[in-house]
Amino acid sequence: MSCAAAKILVVDDNKMVRDTICDFLNFSGFKTISAKNGEQALVLMEQENPKMVITDILMPDKEGLSTIIDIHRHYAGTKIIAMSGGGLFNRNDILNSAKKLGADVAFEKPFDFDELIVNVRKLLELNT
Amino acid sequence: MSLNILVVDDNPADRTLVRRYISGAARDVHVTQATTAAEALVALKSAENIDCVFLDYSLPDTDGISVLKQVFDKDLDVGPFPIVMLTGYGHESVIIDAIRYGAQDYLVKSNISPDTLYIAMTKAREVFELKKRGNEDKAVMVHTQKMKAVGQLTGGIAHDFNNLMTIIFGNTRLLETFLESEQAPKELCLEKVRTIQKATRRGVDLIKRLMLFSRHTGIQPQIVDVNQLIGELRELLCRTLGDFVEVKTELASDVHPINIDPGQLEHVLINMAVNARDAMVDGGVLTLKTENVSFGREAAVEHKVVAGDYVCLSVSDTGTGIPENVQGQIFEPFFTTKPVGKGTGLGLSMVFSFVKQSGGAIAFETRLNEGTTFKIYLPKAEAQENEGAANQNADEIALVKGGHETVLVVEDEEDIRTLARIILQGLGYTVLEAGTGREAIDLVLNHKGHIDLLFSDITMPGEMNGVQAAARIKDLRSDIKLLFATGYLADGLPDMDLAYRYPVIQKPYEPDDMAAIIRKILDSEEQPV
Numbered sequence: 001m002s003c004a005a006a007k008i009l010v011v012d013d014n015k016m017v018r019d020t021i022c023d024f025l026n027f028s029g030f031k032t033i034s035a036k037n038g039e040q041a042l043v044l045m046e047q048e049n050p051k052m053v054i055t056d057i058l059m060p061d062k063e064g065l066s067t068i069i070d071i072h073r074h075y076a077g078t079k080i081i082a083m084s085g086g087g088l089f090n091r092n093d094i095l096n097s098a099k100k101l102g103a104d105v106a107f108e109k110p111f112d113f114d115e116l117i118v119n120v121r122k123l124l125e126l127n128t
Numbered sequence: 001m002s003l004n005i006l007v008v009d010d011n012p013a014d015r016t017l018v019r020r021y022i023s024g025a026a027r028d029v030h031v032t033q034a035t036t037a038a039e040a041l042v043a044l045k046s047a048e049n050i051d052c053v054f055l056d057y058s059l060p061d062t063d064g065i066s067v068l069k070q071v072f073d074k075d076l077d078v079g080p081f082p083i084v085m086l087t088g089y090g091h092e093s094v095i096i097d098a099i100r101y102g103a104q105d106y107l108v109k110s111n112i113s114p115d116t117l118y119i120a121m122t123k124a125r126e127v128f129e130l131k132k133r134g135n136e137d138k139a140v141m142v143h144t145q146k147m148k149a150v151g152q153l154t155g156g157i158a159h160d161f162n163n164l165m166t167i168i169f170g171n172t173r174l175l176e177t178f179l180e181s182e183q184a185p186k187e188l189c190l191e192k193v194r195t196i197q198k199a200t201r202r203g204v205d206l207i208k209r210l211m212l213f214s215r216h217t218g219i220q221p222q223i224v225d226v227n228q229l230i231g232e233l234r235e236l237l238c239r240t241l242g243d244f245v246e247v248k249t250e251l252a253s254d255v256h257p258i259n260i261d262p263g264q265l266e267h268v269l270i271n272m273a274v275n276a277r278d279a280m281v282d283g284g285v286l287t288l289k290t291e292n293v294s295f296g297r298e299a300a301v302e303h304k305v306v307a308g309d310y311v312c313l314s315v316s317d318t319g320t321g322i323p324e325n326v327q328g329q330i331f332e333p334f335f336t337t338k339p340v341g342k343g344t345g346l347g348l349s350m351v352f353s354f355v356k357q358s359g360g361a362i363a364f365e366t367r368l369n370e371g372t373t374f375k376i377y378l379p380k381a382e383a384q385e386n387e388g389a390a391n392q393n394a395d396e397i398a399l400v401k402g403g404h405e406t407v408l409v410v411e412d413e414e415d416i417r418t419l420a421r422i423i424l425q426g427l428g429y430t431v432l433e434a435g436t437g438r439e440a441i442d443l444v445l446n447h448k449g450h451i452d453l454l455f456s457d458i459t460m461p462g463e464m465n466g467v468q469a470a471a472r473i474k475d476l477r478s479d480i481k482l483l484f485a486t487g488y489l490a491d492g493l494p495d496m497d498l499a500y501r502y503p504v505i506q507k508p509y510e511p512d513d514m515a516a517i518i519r520k521i522l523d524s525e526e527q528p529v
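As you go down the protein sequences, you meet chains A and Y in turn.
Here the first sequence is numbered in the numbering used here, starting from 1 and rising by one per residue.
Here the second sequence is numbered in the numbering used here, starting from 1 and rising by one per residue.
One or more of the hints may lead you astray.
Below, a list of computed lysine-lysine pairs in the BS3-like style, where the Cα atoms sit at most 30 Å apart [unchecked claim]:
(1) Y:K375 to Y:K248
(2) A:K15 to Y:K198
(3) Y:K198 to A:K36
(4) Y:K186 to A:K15
(5) Y:K198 to Y:K507
(6) Y:K198 to A:K31
Derived by calculation from the structure, the hints in this document are not laboratory data.
All chains should be modelled from the sequences, with the hints used to inform the complete structure.
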C-alpha cells in the first residue's frame with residue numbers, strides 16, 4: 001500500500017491540535033480528513049472510508065471511547081490510534097481502556113511526532 | 001479585633017519576616033516569639049489565648065513534629081491550638097507527618113508572603129474551629145471540596161496544556177524538517193512559527209488562571225485609575241447582583257491615581273457589593289463613589305495612616321444596616337450574620353487585610369433600615385510612579401529601539417539568558433552574562449568598563465536571590481540602573497521591598513516588551529537610588 005492510498009481521519013476538539021497532526025501526516029505523504037468530535041467522525045467514516053483513525057478521548061459531542069467502540073464494531077479493519085492529554089481522569093487508565101475497546105496504539109499527549117509516523121506506517125503495513 | 005500569634009523559629013530573619021507579614025492581618029496583632037521547642041511549650045502553657053502558632057520544623061532542641069505531638073497530647077494540658085507548620089525547601093516530606101499529628105496547614109518557607117501566611121492562618125483557624133465543635137466531617141469536607149476544586153481545575157489545565165505542548169512539539173518538528181530541506185518554504189515556516197507563538201501565549205494565559213486560583217500570583221501593585229476600574233467592573237456587578245439592585249456610580253473627575261493590585265481591588269469591590277446586596281433583601285440601590293480626600297495629622301491618627309492625599313472609595317447600600325451589638329466584630333475572620341452555608345465570614349476580614357497592606361484605612365457609617373456606607377481610603381500614588389505607568393502604554397512598547405549601552409543579564413536558566421543575550425545583542429547592546437547572584441557580583445568587581453543596566457531574575461538558587469545580589473551591585477556601582485524579572489511569588493523572598501522600588505517585568509515576557517522596557521529605563525533620567 002502506498003502513502004497516497006492511505007487516508008487518515010484525525011479527530012480532536014482542539015483545532016490547532018487537529019491541524020498540527022494533519023499537517024504532519026500530510027507532510028509525511030498521507031491524505032487526511034478531520035473531525036472535531038465523535039459524531040462528525042462517524043459521518044466521515046461512512047462517507048470517506050479512511051484506513052485509520054487517530055482520535056482524542058475527552059471531547060464534547062461523543063467522546064473518544066464510545067467513538068472507538070463504534071468504529072471497532074462497524075468498520076472492522078480500520079486501524080485506531082488513541083491519544084489523550086489526561087485531565088479529570090488518570091491518563092493511563094483512559095488509554096488502557098481505549099486499547100481494551102479496540103485501539104491498536106495509544107499515545108499520551110504531548111507525543112513524539114516521529115514515533116507517531118512510525119506507528120502509523122507500521123499499522124498500515126507500509127515500508128518505513 | 002485582636003490576634004495573638006506565636007512564632008516558633010530559631011532563625012531570627014524568618015521570625016522577623018513572619019511577624020512583619022502577619023502584623024497587617026488585623027487591627028491589633030500581638031506576636032510572641034520562641035526560639036526553641038521548650039520556649040514554645042512554656043509560652044503555650046502560660047498563654048490564655050493563642051489564635052495561631054507558626055511552628056518551624058527545624059528547631060535546635062527537637063523538631064516541630066515532637067512539639068505538635070505534645071500540643072495535641074490531651075494528658076499534657078498544653079493545647080490544642082491552630083498550628084501552621086513551616087518547613088524549609090527540601091523538607092516537604094515532613095508535611096504529611098505535620099498534618100497527621102495535628103497541624104491544620106503548612107507553608108514551605110520559600111513560599112511565605114503576606115497573602116500565603118494570612119490564608120494559611122485563616123485555613124488553620126477554620127479547620128481547628130470546625131474540629132473543636134466536633135464537626136470533623138465538616139473539616140474533612142472543607143478540605144475535600146477545596147481539593148476537588150483544585151483537582152478539577154488542574155486536571156482541566158493539564159489537559160489543555162498537553163494539547164498546547166502537542167501543538168508546539170508538532171510544529172517545531174515540522175519546522176525543523178522544513179529548514180533541513182534545501183527548499184524550505186518561507187511562508188509555511190512563518191505559519192508554523194506563528195502557530196507556536198499562539199500556542200505559547202495560550203499556555204501563558206493558562207498558567208495565569210492557575211496561579212490566580214492558587215493565589216500564588218503575589219500582589220502586583222501598579223498605577224490604577226479607580227474610576228476606570230469601577231467603570232469596567234460595573235457591568236459585571238449589574239449581572240452579579242441581579243435585577244433588584246440598581247448600581248449607581250458617582251465618580252469624581254479628578255480622582256488621584258493609586259498604586260495597587262487591581263485584581264485585589266476588584267475582588268474587594270465585588271465582595272463588598274455582594275455583602276451590600278445581601279443586606280438589601282427587598283432590592284435597593286448600590287452606590288460606588290470616588291473622591292479625593294486629604295488627611296491632616298489628626299485625621300491620619302484617627303485612621304491609623306500617615307498624613308497625606310488619599311482616594312476615598314465608598315460603597316453604599318440602602319439595606320438593613322448593621323446592628324449596634326455586632327459593629328465591633330464585622331472585620332473579624334469567621335464573623336458572619338448570614339445563615340450557615342451562605343457566608344464564610346471571611347469577606348470583610350480579607351477587605352480589611354487588603355486595605356491595611358495597601359497602607360490605607362477603612363471606616364463605615366450605618367443606620368438601621370436605612371443602609372450602610374463603607375469608606376475605603378487608599379493612598380495617592382507618587383508622581384513618578386504615575387508617569388511610569390503612562391509611559392507603559394502598548395503603542396510605545398510596539399516601537400522597539402536598540403542602543404549601544406552595556407547590559408548585565410543575570411538569569412540561572414541558561415536558555416532564557418541566552419535568548420535575552422541574542423535579542424539584546426541583535427539590538428546593538430553589549431551584553432554581559434551571569435548565572436547566579438555571586439557570579440554577577442564577581443563580574444561587576446572585575447569588569448573595567450561601565451555597566452548601564454542590571455537586568456536580573458529575582459528567584460534564583462544559591463546563597464542570594466536576584467534582589468539581594470542587585471543590592472550589593474548597587475553598592476558597588478551606584479549609577480547602574482535596575483530591571484527585575486520574575487515568574488511568580490516574588491513576595492515571599494527576603495528583601496523584596498527593594499524590588500518594588502524598581503521596574504519588574506513578568507515572565508514569560510515577549511522579546512519586544514523586554515527590549516522596549518530596557519530602552520525606556522536607559523532613556524529615563526531618573527531611576528530611584
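Tested hints:
no. : hint             : result
1   : Y:K375 to Y:K248 : holds (16 Å)
2   : A:K15 to Y:K198  : holds (12 Å)
3   : Y:K198 to A:K36  : holds (20 Å)
4   : Y:K186 to A:K15  : holds (23 Å)
5   : Y:K198 to Y:K507 : holds (16 Å)
6   : Y:K198 to A:K31  : holds (26 Å)
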